[in-house]
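A.B. asks: Listed below are the residues making up each chain.
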Amino acid sequence: GAVVSQHPSWVICKSGTSVKIECRSLDFQATTMFWYRQFPKQSLMLMATSNEGSKATYEQGVEKDKFLINHASLTLSTLTVTSAHPEDSSFYICSARLSGSNQPQHFGDGTRLSIL
Amino acid sequence: AQSVAQPEDQVNVAEGNPLTVKCTYSVSGNPYLFWYVQYPNRGLQFLLKYITGDNLVKGSYGFEAEFNKSQTSFHLKKPSALVSDSALYFCAVRDKKNTGFQKLVFGTGTRLLVSP
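Chains as they are written, first to last, in the working numbering: chain C, 65 to 180; chain P, 984 to 1099.
Don't take each hint at face value.
Straight-line C-alpha distance at most 20 Å; calculated SDA-like pairs for lysine to any residue [as the list claims (entries may be wrong)]:
#1 Lys1032(P) to Val67(C)
#2 Lys1052(P) to Glu998(P)
#3 Lys1052(P) to Asn166(C)
Bear in mind the hints are in silico, worked out from the structure with no lab data behind them.
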């Protein structure tokens, strides 16, 4: 149980395009999902917390207009990187948490984004 | 504020030998503690958690971790390492007082290399 699916796993696109990444909880409902960015050989940096039916909460320094998050249902959150540039190239990972204060986050397999 | 320290960038161990990956934490209240493992180009997989109760927590794939409140540590251990255990390991903490979105703070990761 507690499977999180992330799609696509790999994206290569031209500078200036927008890219949408989907995060789905397959066998549970997730009121809260999290979006992380991971640079090579570094830890995960939390970008934002996504809540179903409300606006996402962004971490300091993360541009909300650049990284659009939509959490329209209890099983789907999307991250759209708008007008992507080479510096946005990174590994993006989502996670979802079962309800309950002591439940772990379960992670998707990540999306490697490469902007040319 | 919450923080996690993983003092070793890399741990090398021979197959069949015991392994330890160190983690210390800092929270204002009582902690929720987690260990995750990451394989190349993949998301994080949950290994185990400490919420309350026994200080020795058993998790997936034969891993266990010992919560030591006086030393504020939560070291990951396995009695006999396998080559397939080679991966990147992350320790994470959440303060039980954090009743917001319950976000985790991750350590910088420790690369475990098990040699045949």
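A.B. asks: Hints first: check each against the structure and report whether it holds.
C.D. replies: So, going through the hints one by one against the coordinates:
Distance hint between Lys1032(P) and Val67(C) is fulfilled; the C-alpha atoms sit about 17 Å from each other, no more than 20 Å. With a C-alpha separation of about 30 Å, the suggested pairing of Lys1052(P) with Glu998(P) is violated against the 20 Å cut-off. About 18 Å separates the Cα atoms of Lys1052(P) and Asn166(C), which keeps this hinted pair within 20 Å; it holds.
Hint compliance for this structure: hint 2 is the single one not met.
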